[in-house]
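Undergrad: Chain by chain, the residues run as shown.
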Amino acid sequence: MPSPVITGAADTEVGKLEGSTSLGLQAQAAMAAVEDAGLSLAEIDGVLCAYSFTEPHLMLSSVVSEFLGIAPSYSVAVQAGGATACAQLVHAAALVESGRCRHVLVVCGDNRLTGMTRDRAVAALSEVGHAQFERPYGISVPSAYALVARRYMHEYGVTLEHLAGVAVAHRKNAMRHPKAQMREPITLEDVARSRPISTPLRLLDCCLISDGGAAVVVSAADAARDTRKPGIAILGTGQMNTHEHIVAAPSFTDFGCKQSSAQAFGRAGIKAADIDVAEIYDSFTITLLAELESIGFFGRGEAGPAILSGALDLDGKLPCNTHGGLLSYAHSGAAGGMFHVVEAVRQLRGEAAGRQVANARLGFVHGDGGILSVHFSLVLGRL
Amino acid sequence: MTKPLPHPNATTQPFWSGCQQGRFELQRCEACGHMQFPPRLACTSCHSGALGWVNASGRGTVYSFTTVYRAPIEAFKPDLPYIIAMIELEEGPRAMMNLRGADPERIAIGMEVEIFFEPPAADGGYPLPQARLRS
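So the sequences go chain by chain: A and B.
Be aware that the first sequence starts at 0, since it is given in numbering that gives the first Met the number 0, and climbs by one per residue.
Be aware that the second sequence starts at 0, since it is given in numbering that gives the first Met the number 0, and climbs by one per residue.
Chain A on its own, in the form it takes in the complex:
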């Protein structure tokens, strides 16, 4: 069966967007993605939304569809934390493959920076901790990832400098993207000197808090022929869920991204080594290191030294997070993961001016929700 196709992709401005609203950012991204596909909103027959912190609603996809003035025959919200964007893509692919929809709009957006205080954002995220067995101890999302980081460093000889190298590599990439929130250069020393958040993680080991929205259109293979730009095929998808709370994680070093990526590579009929460009969830520096090694892009303990030697650069072994990722491009809730998808589409279309990976034909996108709890992987390819 021919693969589902990403026919449109767009993101809004990102960073501190005074006066922006969650609904407005979602609508703006949605309209831009539909325009990018060369479609009209009237042709959208499926809508998949995510969630919003600043304008929470029980039926977000219905709210967004109403605001856009469309009446899709299929419309639901999907929630899987940071893995939501990739999860939405997996659902959209299934909807067009089954024939239920022809063009599915997949949209995320939140004004998490200007719509709530930083303290409120941190507090809201900490509520994902276990109510009885984690939150009474003062756990936060950074602290949970810090527990992973400390154990991972212990088992595989990862150093603070290796973590800092991840932050520096992302900043280097973000500096090539005109829209990135953080474009000032940083050094390993800057990361080392940034204030401790939850040891061993320092401020520059942690993702940003941003306003922004992003959307894509996923079309059935036959419907994709009517669209404006060369389609990007969804060649393989995978998912794995091993736990939710860190207290229940079966391992602190081996995560579900191993199985979810293996499924996606298998369905696409490729190997990890075939990937030309990767956009992988980077909520913290340790998140990316653990994922790169669990997936198998690097051997255990080898990603850190390789990244310090430029492995994630545009001409490195694995060009990765070419827009700057959650660490330096932007992170506005579910849209954070969708920025990875949008960047992969741009790279595979050859549209990433100033940061284009040469001859990028196969892309890998990965989302992680919770504390490395839920994983969704996508293999994308130029048609």
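Calculated from the structure, these hints are not laboratory results.
Cβ atoms here follow ideal geometry from the backbone N, Cα and C, with glycine treated the same way.
Be aware that a few hints might be false.
[Claimed, not checked] Only pairs whose alpha carbons sit at most 20 Å apart, straight line, appear in this in silico SDA-like list of lysine to any residue:
id : chain 1 : residue 1 : chain 2 : residue 2
1  : B       : Lys2      : A       : Val127
2  : B       : Lys76     : A       : Arg117
3  : B       : Lys76     : A       : Arg119
4  : A       : Lys15     : A       : Thr113
5  : A       : Lys257    : A       : Ala271
6  : A       : Lys15     : A       : Pro177
7  : B       : Lys2      : B       : Gln129
8  : A       : Lys316    : A       : Gly298
9  : B       : Lys2      : A       : Leu124
10 : B       : Lys2      : A       : Ala123
11 : A       : Lys257    : A       : Leu234
12 : B       : Lys76     : A       : Lys257
[Stated by the list, open to error] Reference listing, derived: stretches of chain A covered by chain B, where coverage requires no fewer than 3 residues with Cβ under 8 Å from a Cβ of chain B:
id : stretch
13 : 134 to 147
14 : 193 to 203
15 : 257 to 265
Starting from the known structure of chain A, arrange chain B on it as the hints suggest.
TA: Same frame as chain A, but now just chain B:
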């Protein structure tokens, strides 16, 4: 906003009642012997619903730890910096606790700890299991 306190439910009440008696209790599967924490309705290994409770030794080792400098909510700010540790209990399961009375610079993975109970913050509350280094 006050600190989140444990509010037991039907599944966790035996655990918190045990804490009131100075016991840290684990669930033990009567079908396969698997020990687990936090409490659930079924065995996470064989999915049998026949679960009993056993008193843990109260000893374990530091599996991982972090010193927190950025509190999740205002109520934890007076405690900064504080240590959150993942403790691997002698019986196998892991549990999160604060590691009290330890110098953050001198903690290492593998150090031996013991559980003690901090008195409830409010009347009618439950003692919170915490960890301290063994001599």
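Undergrad: In ascending order, which of the hints set out earlier in this document are inconsistent with the structure?
TA: Going through the list in order, the structure violates hints 12 and 15 and respects the others.
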